[in-house]
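Participant: Since the structure of chain A is already known, use the hints to place chain B on it.
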Amino acid sequence: MRDPVRWFPSRVNLFDFFLRSGNDGKMRSRTVRMEKKMTTVVSQIEVPAGVTLPIYMDNHATSPLDPRVLEAMMPYFTQKFGNAASRNHSFGWEAEQAVESAREQIAKLIGATAKEIIFTSGATESDNLAIKGIAEMYRERGNHIITQVTEHKAVLDTCKRLEKYGYRVTYLPVKADGLIDLEDLKRAIDDQTILVTIMSANNEIGVLQPIREIGKICHEKGVLFHTDAVQSVGKVPINVIDDNIDVLSLSGHKIYGPKGVGALYVRRRNPRVQIAAQIDGGGHERGMRSGTLNVPGIVGLGKACEIALNEMESEAAYLRGLRDRLKNKLESELDYIHVNGSMEHRLPGNLNVSFVYVEGESLLMGINDVAVSSGSACTSATLEPSYVLKALGLGDDVAHSSIRFGLGRFNTQAEVDYVAAKVIDIVKKLRELSPLYEMVKEGIDLTKIEWQAH
Amino acid sequence: MAYSDKVVDHYNNPRNVGTLDKSSQEVGTGLVGAPECGDVMRLQIRVNPETQVIEEAKFKTFGCGSAIASSSLATEWIKGRTVEDALAIKNTDIVKELSLPPVKIHCSVLAEDAIRAAIGDWKKKNGVAETETAPAEAKA
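As you go down the protein sequences, you meet chains A and B in turn.
Position 63, counted from 1, in the first sequence is what this note's numbering calls 63; the numbers after and before it change by one each time, with no gaps.
Position 59, counted from 1, in the second sequence is what this note's numbering calls 513; the numbers after and before it change by one each time, with no gaps.
Isolated chain A (complex conformation) (with noise of 0.2 Å):
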């Protein structure tokens, strides 16, 4: 729904101006002067046909729930609502038989069998699971724990929780590009080094961590290996097998199935995986998570996952074309835009710009009607921008200035069409209000003046 309001802004925030300048008593001749020349940020880009505002833009955050998922979850919720634990009747069978289902085509996207599939509540139950669960059963062999700096807080706040608990933990740095260096990892790894944990794709800049390198890797050194797979399963091949994963996390709310579900793999061969549980009950999900399964979610996490498998290829070429066109379109028509991370190895439907001179709230704000992420932690309570983006070597200005575009399954040229146009217009007009923008356009090094740091 459009607001009125919006649409006509400074029609009534001018109204709004007469009205308090009278209140005030300070009406002059200002006013009128502003009538004739009033900067402003509104965008009058038009909006194109079959683009209904606002537009979703931000699937690496979440994605809506496909209507084939849905309309396969239905009948779990009032018809078949069975515990899949109870043994003796066959509401209880039904809905075993669904889980298990479920459990075949999460584990055939992933090259894996429906016994190493582990149901939890979502990635970030399953990150603790496996990263909690192997340092308790593997203590005797070790107390080192890899990772890198720009793992997902899952991971990150786990691993710092088994700091506490006498773990050790050594947090690899990332290149540039946002990849980690083999042989870093390499000289890492020590007797006592029981897991590596790095994810598959980042939330944030989308790179793609080299996991078939590192799992070999940790194959050789007689190490286990997880990654957190939240962003990259279903929109990037991923084989358990010949990628060497040990233990693997993934979420149904990132693959346009519901929230509230996830799995964790857990290698059955090669080696045996054993985890500790972290949640105790009746001894579900073989000893290592109990807790009455969420049957629909599970069900539809089964079908997300049999979705992504049938459509990975022809969405991920899609994807791509989208965000390249994005891409281009904003590079053609702004200067100082920086693309962070590696654009080589990537998934497809990413897109993290900065653009500098420009901070990413105040960007935000001017496209408000699009739904994306900002590296700016204006909002937080620290005001610290992204981690992601400053282990990138970023420095902070320019990582207060980035936009993360998240494009999906369901997104289209038209609208891209139509956020690049409206990206670009407010760019624009914030960087006429940028002191900075006007001070490098004169020619002034931004480095040699001493800013007074707040």
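Misleading hints may appear alongside valid ones.
What the hints assert, rightly or not - List of simulated lysine-lysine pairs, PhoX-like, C-alpha gap at most 20 Å:
id, chain 1, residue 1, chain 2, residue 2
1, A, K422, A, K327
2, B, K512, A, K428
3, A, K327, A, K221
4, B, K544, A, K448
Just so you know, these hints were derived from the structure itself, not from any lab.
Note that this is a predicted model, so its numbers are computed, not measured.
Facilitator: Relative to the frame of chain A, chain B by itself:
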């Protein structure tokens, strides 16, 4: 986060955007904040040498919507005031007017600093004694 209507209004239609000739004797320039903090404000004033009234005020801001709104409001408030009157503006006045949430209070602090820095620069240029210590201005 939700912005107040006044912040949105100043963001959509910022008042007094622009640049004054900083080499002019009548112009004072304040440049505060730092790019790595995500906020830089430049506020300029043109002061009537006879009356010491701020006849013109211009700003440019790199920063979030609240930073843009704070500096826009600051220019609106100081225009028509004498230099001494303008120094009476406190960041808390800006917080109140724009209904800034706690995480955005630093934007109002920066706007107050910008006013002081611009006035300080003008005073220095014109040999007017400082009545109050103004924060040091960033130098190009």
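Participant: With reference to the structure, classify each hint as holding or not holding.
Facilitator: Structure-based check of all given hints:
1. For the given pair, K422/A sits about 14 Å from K327/A by alpha-carbon distance, which is consistent with the 20 Å threshold.
2. Between the alpha carbons of K512/B and K428/A the distance comes to roughly 19 Å, so the proposed pair stays at or under 20 Å and holds.
3. About 41 Å separates the Cα atoms of K327/A and K221/A, which puts this hinted pair outside 20 Å; it is violated.
4. Of the pairs offered as hints, the one joining K544/B and K448/A is violated, with about 31 Å between alpha carbons and a cut-off of 20 Å exceeded.
Comparing the model with each numbered hint stated earlier shows that hints 3, 4 do not hold.
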